[in-house]
Amino acid sequence: MVGPMITREPEFLPPPANAFASMGRPVIQACRDTGRALVMLLGAIANLPHVFSKRNRGDVVQQLWQVGLKSLGVVSVVALFTGMILALQVGLELRRYGQENNIGMLVCISMLREMGPFMTGLVIAASVGSAIAAQMGTMTVSEEIAALDVMGIDPLRYLMMPRLAALAIMMPLLTVYTNLLGILGGALVGLTQLGISYEAYFDNAFRYAENKDLYVGLFKAFLFGLIIVDVACYQGFTATEGAVGVGRATRRTVIISFLLILIIGYFVTRLFYQ
Amino acid sequence: MKRKTILIETLVGLFSFAVLAALFLLTVVLSRDAFLRKAHPVEILFQDVMGLRVGDSVNSRGVVVGKVQGMELRPDGVLVRAELTQDVPLRADYKVEVLASSVLGGRYLNLDPGTPEAAVLDAIPDQLSGAPTSDLIDSATRLVQDIRTALNDGIIDDFKATMANIRSISDDIATGDGTLSKLIHDGQLHDDIAATVADLRGIGDRLAAGEGTLGKLLSSDDQLYSDLSAAIADLRTIGDRLAAGEGTLGKLLSSDDQMYQDLAATISSLRGVGERLEAGEGTLGKIITDEELYLELRSILREGRAAIDDLRETSPITTFSSVFFGIF
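Going line by line, the protein sequences match chains A and B.
The opening residue of the first sequence carries number 1 in the working numbering; numbering runs sequentially from there.
The opening residue of the second sequence carries number 1 in the working numbering; numbering runs sequentially from there.
If we strip away everything but chain B, and leave its shape as in the complex, we get (with noise of 0.2 Å):
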């Protein structure tokens, strides 16, 4: 045989080995190594398995942990024999349901092992009921069926009548009526506004400026506070002080009634004093009731007055004359 056929065959033959073994290696790496796994197969008893699909994935917590073998439709509902490539310890509240992958489509079987509560059941069984299934576009038509109905139950009558209100308000404020309307179409309305609210800054400025009671209140200028603290502490004190029956005023207030009495003695004898006065008794009530003694009185203190003017003349006299004999 010739050297070139050899080298011929032989590199075929290499050719074909290595593409084979890769092919191999491919088809390995495609099955996901199920065929060097023990792989465990249960079926799944569902209602409805919305478009489950052969070959969709068993996902668990969200990894794939194998992959649906078949399906079968039985007057009870559609069996789903799957494949597990992996061991999904399950506990008695396990559940199992077809989810959408996505939005655009696609399903998948979502095996929920259940909540650690539960008791951990001892295998997987050969035959697990599936949860019902609900679908997104399903709920979704569902949810605007019952919106629909909510509406045609009153919220579009509702509504209507909330829109006719509207539609008066506006009429109203179209023609002229009421204050909103005249705030729109009367420019006087707007004009007193626009005072007020001139007035109210001007207001606003003063307090800002620290002018007038409340500016000073208002202002950084603590003089009218610390002034209005110390009165009210004072008036505090004088309370306390009444309260504690201190002074003339506190004795008034308090529950010791010696001073009222003393005071309705005294007024008991002004008002004695007052009546003997008016009885025209003693001295005083006879110069009160008196008319002669009345005169007496005024002629005696026009003399006394007469004599003090007399010695008020003579005085520098008698002051010199004893001041020179005084000297002798």
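Isolated chain A, as found in the complex (with noise of 0.2 Å):
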């Protein structure tokens, strides 16, 4: 039984005893969090071997179609106009210096490495993660989440597992999908405000991308995936205090989660491209 580890019943301590304490005391909380997130993203990892299983396949699939198509619309505009919006600053720039013909170049490299899984995870942090935080949320102060434990219904296996596997699933799919729109803005621009043809935009596009930039930023959109359903389901799962606990949960969750995306962005990209 992992409910009781998983839920939290509020914490009423005293006040810190000094300024030190008053600092310490958030940092060991963050830790403590960090702990339990994370122990919490490895009971739902184990429970992965049930993802096919006929009593979780239904829920896999429908949260498939709600984290990876209903946000396609969302997903579409963000990839295109990121894709837009790089190949006119950079192009307006490089034409300064007669090297416009370079945009395909760099809009593909910073979409397949960076803007790519970054904007993703963005865009599904800020609508599925916020959406998976509030119903948890709202389970867990309705203590529907204790009413499954008392059935004897893991909630990591029942709840968390089907949207991890949708989001470690669709996040580098829609990252690709978020690449493809990208440099097709890219190229938008650069034939209708900088004269560049289609077939050079694409032509200088693939000729300095490799396959390893592209893989490198789905890996990125894997770990971000997991890191929304870990930090979703966490502040869900933890939430306290009614409505006005749910709320701060759904807050909490795209706080963290845009906060980790970057940094681990960075680590990750730091650790591929020394």
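Hints are supplied without guarantee of correctness; some may be wrong.
Said to hold, decoys possible - Straight-line alpha carbon distances no greater than 30 Å define the calculated DSSO-like cross-link-like pairs of lysine-lysine that follow: (1) K70(A) - K4(B); (2) K2(B) - K54(A); (3) K95(B) - K38(B); (4) K54(A) - K67(B); (5) K67(B) - K95(B); (6) K160(B) - K212(A); (7) K38(B) - K4(B); (8) K70(A) - K2(B); (9) K70(A) - K54(A); (10) K38(B) - K212(A); (11) K182(B) - K160(B).
Hints were generated in silico from the structure; no laboratory data involved.
Fit the two chains together into the complex; they arrive one by one in their own frames, and the hints show the way.
Here it is, written out as structure tokens:
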């Protein structure tokens, strides 16, 4: 039974004894939350073998639908305009040096390496992550999680694992989609604003980009998916104090996911591009 | 199973399939068809690769024909492993070198197939020998060092001496020594030069106006030129005639000395006549030398003049008498 470990009753701690204690308490709390979230993530991963079981398959497909196809509209707009902005900003600067023909390379490599997974992660964290946190938080404060626990149903397998599987699968797929739309948006700007033909743009774009750029980006997206699910589920499961606590969990999910996406993204880049 | 569930599963499957297909195509494009072509691995041994990196391209005649796959540091240099995706017919004098792709950085392997005169190799050797590399920055640094060495070897001293000379000249000019200084400080020289220039300008104006002989020579009126040409032509004709021995002067100048001999004989005769006159021989000599004969001759001439005067006075009467008696 993992129920008592996941949910958390409100803690009413005495005021810090001194200034150092007031600084140390949030640090200790953060470390404890991180550890609990990681344990929760490991628990959900441990349940992944059940992803294709008859009991969980429907939930997984439902989450794939919610995470993937229902986010396509937002992701499409964000991806298209990210590529267009990149092409326009870089192209206008490069045109001063007569190098605007190289925007294909810059847009393609930027999208594949960083902007594709980053923008997808932000969109999914803001839309799907917050929704998961709100749903889990509502179930927690209404003691549905406790009820599942009492019925002997593991919340990590029943609630977290399908979402984890869905995001782990959909984030790389959505990132591929984002990359393609971003590169296409750059081509549109290149043709209409900078006078660069599609042939020249795509020739330049795919001349310098490599498979490493593509797959490192997809690996980042995969990690971002795990981060979003873990943060959202942890914040939801640990929500307290009714509707206010659900709102707080949702807000913290978005903030923490954004920060972790940025920080983890940097370290992954540093790991592969030294 | 509900229809909605079936629809959701189908749409999710379609989306996943489409994105996976796009991912496959993107992978193929980014691989630049590498896995569809048979790559030929080669090894090149360099003394120095000048910062070449794994993944840098291999070019031949400006075309990308492969990629650097790896590098290994060895006691005798650096062994670079590359894969050629296109066949490059190498000749015996082929050259492989590391070149800078731009002044901002970046390297690539340049595979020069060789000159047409060299023999074609049957196959690309598994290990090629790399040419010594030359770095642009390194070359520039050496050039600066050479320039610095040359400057230190005497150019700076020469330059200092030249500057000292220039300073000395400028001091002389400042103190009023020399023509140049006077030109700067003395107004008289300027006035003289200005007057000379004015005179030259006047001469020029007169020449331009066609005044004077030189002006006429320079003017568009070619009368003087024509006259000069005619005079030269006449002189030439005279010269030709002289050369041909024509005329008295020509005969005098000619190789025929007949006239000279005649002239010499005449002069000799005249000399004889002169000697005889001087000696008082003959009538003329006596007239010249004999005082009495001179006086008599003078008397005769005086009487002759008086007779002519008498005749002149009586000639009207004689004429009238002749006419009068002639009627009868």
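Okay, the hints, checked on the actual structure:
no.	hint	verdict
1	K70(A) - K4(B)	holds, 15 Å
2	K2(B) - K54(A)	holds, 15 Å
3	K95(B) - K38(B)	holds, 23 Å
4	K54(A) - K67(B)	violated, 49 Å
5	K67(B) - K95(B)	holds, 17 Å
6	K160(B) - K212(A)	violated, 61 Å
7	K38(B) - K4(B)	violated, 49 Å
8	K70(A) - K2(B)	holds, 19 Å
9	K70(A) - K54(A)	holds, 24 Å
10	K38(B) - K212(A)	holds, 21 Å
11	K182(B) - K160(B)	holds, 27 Å
Taken one by one, the earlier hints fail for this structure at numbers 4, 6, 7, listed in ascending order.
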